[in-house]
Amino acid sequence: MKARLGDVATYGGLALLAVFFAAPFLWMLSLSLRTPAEIYLGAARLIPDAPTLGNFRHILSDPAFLLYLWNGLKLSAAGGALAVALAIPAAYAFSRLQFRRKQAALVAILAVQMISPLVILVPLYRWMGAMDLLNLHASVIALYGALGMPLAVWLLKVAFDAIPVEIEEAAIVDGASRLQVLTRITLPLARPGLASAFVLAMVTNWSQFLVPFILLERDGDWPISVAIFNFAGSVSASTTQLLAAACLVAVVPAVAVFVGLQRMIVSALVSGAVKG
Amino acid sequence: MRPIILATAIAAAPLAAHAQDLVTRDRVGLPDAPNVMTFRLTPYDLYSADAATAEAFAELFAAFIRERPDWRIETQLQTGNIGQEQARLLQQTQAGRGPDCAMVDSSQLALFEQTGVLQPMNETFSEAEVADLFPYVREAVTNDAGDVLAWWWFTDLRVLYRDTSIVPDAPATWAEVEVAALAAAEAGKEGILFNGGRWEGAAFDWLANFWAQGGRLVDETGAPVFGEGENRQKFLDAVGFYQGLVESGAAPQRVTSITNYDAFNAAAAAGSAAMFVGGNWQYGQLRTTLPPEQFANWAVSELPGPTEDQRATGTGGWAIAALSEDPAKRALCGEMAREVYAGPGNAYQGLLPTSAALYDAYDAYEGPEFNLFAEALQNGVARPGAAIYPEISNQIQILLGDVLSGAAEPEAALDAAFAAAQAAYERQ
Amino acid sequence: MLLSPPHKPLTNGSEGTSVTKRGPAPADGRPWPWLVPAVAILAVFYAVPVLDVFRLAFSDATLIRPPTSWTAAPIRALLGNPALPEVLVTTFVFTAVNVVALQAFGLAIALTLVRGEARGLRGMTTFRTLVLAAWVVPGIANGLIWQMLFDEAPYGTLNSLLGFVGIGPVAWLSDPGMALVSAVIANLWQGTAFSMIVFYAARKAIDPVIYEVAALDGASPWRTFRSITLPLLRTAIAVNTVLVAVQTLNTFDSILALTGGGPGRATEVLALFTFNTVFYNLDLAGGSVLALIMFAVAMALATVIHGWLGRTA
Chain A
1 MKARLGDVAT
11 YGGLALLAVF
21 FAAPFLWMLS
31 LSLRTPAEIY
41 LGAARLIPDA
51 PTLGNFRHIL
61 SDPAFLLYLW
71 NGLKLSAAGG
81 ALAVALAIPA
91 AYAFSRLQFR
101 RKQAALVAIL
111 AVQMISPLVI
121 LVPLYRWMGA
131 MDLLNLHASV
141 IALYGALGMP
151 LAVWLLKVAF
161 DAIPVEIEEA
171 AIVDGASRLQ
181 VLTRITLPLA
191 RPGLASAFVL
201 AMVTNWSQFL
211 VPFILLERDG
221 DWPISVAIFN
231 FAGSVSASTT
241 QLLAAACLVA
251 VVPAVAVFVG
261 LQRMIVSALV
271 SGAVKG
Chain B
1001 MRPIILATAI
1011 AAAPLAAHAQ
1021 DLVTRDRVGL
1031 PDAPNVMTFR
1041 LTPYDLYSAD
1051 AATAEAFAEL
1061 FAAFIRERPD
1071 WRIETQLQTG
1081 NIGQEQARLL
1091 QQTQAGRGPD
1101 CAMVDSSQLA
1111 LFEQTGVLQP
1121 MNETFSEAEV
1131 ADLFPYVREA
1141 VTNDAGDVLA
1151 WWWFTDLRVL
1161 YRDTSIVPDA
1171 PATWAEVEVA
1181 ALAAAEAGKE
1191 GILFNGGRWE
1201 GAAFDWLANF
1211 WAQGGRLVDE
1221 TGAPVFGEGE
1231 NRQKFLDAVG
1241 FYQGLVESGA
1251 APQRVTSITN
1261 YDAFNAAAAA
1271 GSAAMFVGGN
1281 WQYGQLRTTL
1291 PPEQFANWAV
1301 SELPGPTEDQ
1311 RATGTGGWAI
1321 AALSEDPAKR
1331 ALCGEMAREV
1341 YAGPGNAYQG
1351 LLPTSAALYD
1361 AYDAYEGPEF
1371 NLFAEALQNG
1381 VARPGAAIYP
1391 EISNQIQILL
1401 GDVLSGAAEP
1411 EAALDAAFAA
1421 AQAAYERQ
Chain C
2001 MLLSPPHKPL
2011 TNGSEGTSVT
2021 KRGPAPADGR
2031 PWPWLVPAVA
2041 ILAVFYAVPV
2051 LDVFRLAFSD
2061 ATLIRPPTSW
2071 TAAPIRALLG
2081 NPALPEVLVT
2091 TFVFTAVNVV
2101 ALQAFGLAIA
2111 LTLVRGEARG
2121 LRGMTTFRTL
2131 VLAAWVVPGI
2141 ANGLIWQMLF
2151 DEAPYGTLNS
2161 LLGFVGIGPV
2171 AWLSDPGMAL
2181 VSAVIANLWQ
2191 GTAFSMIVFY
2201 AARKAIDPVI
2211 YEVAALDGAS
2221 PWRTFRSITL
2231 PLLRTAIAVN
2241 TVLVAVQTLN
2251 TFDSILALTG
2261 GGPGRATEVL
2271 ALFTFNTVFY
2281 NLDLAGGSVL
2291 ALIMFAVAMA
2301 LATVIHGWLG
2311 RTA
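Residue numbers (my numbering), protein chains in the order written: chain A, 1 to 276; chain B, 1001 to 1428; chain C, 2001 to 2313.
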């Protein structure tokens, strides 16, 4: 009986929270289905009288919008992959090797994670300008790799720690080198950890405004997180309904990736995260 | 409701079919054309979120490029975040990475000119064309040597909109505005709306009240003077006007959160506001968004002043400037400004051309509102062409937000704003 | 699982509840070759830029003019700027409130989810997905979305909803104090997911046996929370506090879109101030000074986390 009451309380609490988290999405959906005439009717018309898919059609038939989405996906995925790739050797060393000042080095890496991209972008922007590296997706991806690496090192170290060392020792006894052990045994076993590190880095990249806005000067190169600004504040038309549709479309791909992978991510984190 | 859905669906097709090959999302002209000009434009015309506007400009551009088959224009979009976009445009151009041709906000022309990035387009524009520009426009786009450094293709101004079913007569003074707005507020409406949030529009729209009294932001050398001498009291009086509106309830508290002109269109559509300080371009927007009988209630008049005779309005708009030294690209840039934007582009959007002759050339300018706009333009004041203006504007935005939300007193806020502007000026 | 590691007695006390020997192998390799990629990246993308920021902070550089002279003038000008204390206070309040609220929300949601899952209640995954969905909304879009919700016009979303139940209207964005609260709400909506994941993972890692024992002893839910969950989550909370603080400190894109920093300077946090100084006012030297302040704050927080980890290890 008591447990039943607890269930009711659980649902009650979650319902309240669900309202908070769902309301903005529902409201965007409501706005995005409206004709301009119904935009100004506010909350009184949650379900529009004359719902239209025209706003979505407009957004999705705009080749630029699809390009922005693609750019966003490409930059964030490549940046996330690079961050993980760069982090693997260091994380492996932190997990499996003994060396002096290891703890201090780990904390130093976490400290680096705390430096705002804004701080390093100020000089990087000037250098990249001088070296003709602006307006390249590769530059953004490289910076994403650098920004995502520190956290990835931590997550991967934890993932490697969770893999029993005896498995590796057996392979080493059989004559495998450390590198072979890493690529053939440890990495496949650490797949969930790799995936979670990748997705975390990718999501951070997906929402990045600052880095692409500063490093990419042509709109054709922009990811959606920057280009969405174009759909706001145009003085020549009232476009709230389009903006709402654009916001929704901008969210969907990332949500899809997340829903697809969340079981993997969450279980990877559960298996040992935050023990470090 | 059916026709509306249908219309939206048709309008949603991105570009007219026959213009489609020539105009894409990042180019105008054939992809293999030998000559290329890069053009940085705003998101308000060719790539407007409004499908009809985008289509009209696609046709104009297609016609323009058909006559120049060996050219293609590579388009680059800037976001609506004007301040930052213009800053980076200038910075890129100085670093040699700028586009060949670009839209420059009229308030930024002086800064661009000072840094020497504007390339003359003398070959394109005749002396007669330059002479026909409004005086303040001509002054801004030419230098002492008589070079045409940019083509300011449309101007705009601020006017007072009112719902005549609530406010029948146009208020001419600050006091009349407050009385009318208070009466409307008592009737359950929002008396008067204006930009008061943290953005350029708030400072710019408000400045009309300062300029109406003859106030000056900077002196001849470009140094800030708005907080000293006789300017100080004029500044405080203008702040006092807005402050009085909010404190009396004539204007709602929410004005400090308004950061775009769309909010006024929305209020007009919802029928919730009696008056607002808006841009001339909004008249056309209201015509297309409001039902005809509701639109008929809306009228425009000159912005009020402290007295009936002291009136001013801020004039802005966009210019097109050549940033490339290549004469052929400079010429193309200038011709595009003239043939696409200044004439038919303006007429389509109902924007205000900068030369008198164009008003007679198009039927679009026959409406009575254009007589009022022309009259109000007599009192037009452009933002000072000083490098320090963006920081002054920033300080005014902060000051208005603080004073109108009750977080600061006008005198102290002005002292702080003036000190900050001076400090920034010294560091320039 | 596929693996069946040999069972050995637990030798390392810090490994919590695990019963197999895990963790580092005996030291038998040189670390340097492994660390080269990471160190190179850290040097190129962090160390050298930070040093350059130090240098620029003493220059007269603007974004359109290279440095020509070297003085402490930019530092003096910025420290004497009356806007700075205001911005710092706003930043502190914004960060502090967010750190507390994000974690309280995240913890509450995580524990509720774990409970719901343990009881086999339906809808837990859906709810978790919903929270995660808000997380992947780009910051600019987040600001734009909440700007529409907070619209204070008579037909504004939240205010017209509140109007139905006779509350309001609330000055969401026009009142300086409330605007900061609104910025926190928007950040909370987007940021809770991170804390939720961290706490969810940490809570799942606690041995269920401990809870079974507590249940047998008849401990109340509150007591279980106080005496078991909270103490065992201490490290997670400590680490998360710092991570969330830094994330919040570095956030400005949602505020940029939501209020632009206004009204006045009410929501202008340090990151936004820095961004505006460099990329709007083009003041590279001044921006570098601000960047140094951001750097110093981040390093101070890193020191704090170091202390915490040192104590718990």
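It is worth saying that the hints were derived from the structure and are not from the lab. Treat the hints with caution; some may be incorrect.
[To be verified] Here chain C is said to cover these stretches of chain B; the calculated rule only asks that three of the stretch's residues, wherever they fall, bring their Cβ under 8 Å from a Cβ of chain C:
(1) 1085-1091
(2) 1361-1374
[What the hints assert, rightly or not] If you anchor each label on the Cβ, the simulated ranges turn out as follows:
(3) B/N1297 / A/P51: 22 to 30 Å
(4) A/K74 / B/V1179: 58 to 66 Å
(5) C/A2073 / A/A85: 37 to 45 Å
(6) C/R2119 / A/K102: 36 to 44 Å
(7) B/D1021 / A/L133: 29 to 37 Å
(8) C/R2223 / B/E1411: 18 to 26 Å
(9) B/A1052 / A/P51: 17 to 25 Å
(10) B/A1095 / C/A2040: 22 to 30 Å
[Unchecked claim] One-sided excerpt, in silico: chain B residues whose CB lies under 10 Å from chain A:
(11) P1034
(12) G1080
(13) N1081
(14) N1265
(15) T1307
For every residue, glycine included, the Cβ atom is placed at its ideal position computed from N, Cα and C.
State whether the coverage of the segment 1361-1374 of chain B by chain C holds or is violated, taking the criterion as 3 or more residues with Cβ-Cβ distances under 8 Å.
Contact hint for the segment 1361-1374 of chain B vs chain C: violated, 0 residues under 8 Å.
Measuring from the C-beta of B/P1034 to each C-beta in chain A, is the shortest one below 10 Å?
violated (21 Å)
Mind checking the CB of B/T1307 against every CB in chain A and telling me if the closest is under 10 Å?
violated (31 Å)
Starting from the hint 37 to 45 Å, judge whether the C-beta atoms of C/A2073 and A/A85 obey it.
Roughly 44 Å apart at Cβ, these two residues keep to the hinted range, so it holds.
Check the following: the C-beta atoms of B/A1052 and A/P51 are separated by a distance inside 17 to 25 Å.
holds (22 Å)
Under 10 Å, Cβ to Cβ, is where B/N1081 needs to be relative to chain A, so tell me if that hint holds or is violated.
Holds, because the Cβ-Cβ distance from B/N1081 to chain A comes to roughly 6 Å (cut-off 10 Å).
Can you tell me whether the CB distance of B/N1297 to A/P51 sits inside 22 to 30 Å?
Given range 22 to 30 Å: holds, Cβ gap about 29 Å.
Holds or violated: 36 to 44 Å for the Cβ distance of C/R2119 and A/K102?
holds (42 Å)
Starting from the hint 18 to 26 Å, judge whether the C-beta atoms of C/R2223 and B/E1411 obey it.
violated (59 Å)
Closer than 10 Å between Cβ atoms is the bar; does B/N1265 clear it against chain A? Give me holds or violated.
holds (5 Å)
In terms of beta carbon proximity below 8 Å, does the segment 1085-1091 of chain B have 3 or more residues touching chain C?
holds (count 4)
Has the hinted range 58 to 66 Å been met by the Cβ atoms of A/K74 and B/V1179?
Roughly 59 Å apart at Cβ, these two residues keep to the hinted range, so it holds.
Comparing the model with each numbered hint stated earlier shows that hints 2, 8, 11, 15 do not hold.
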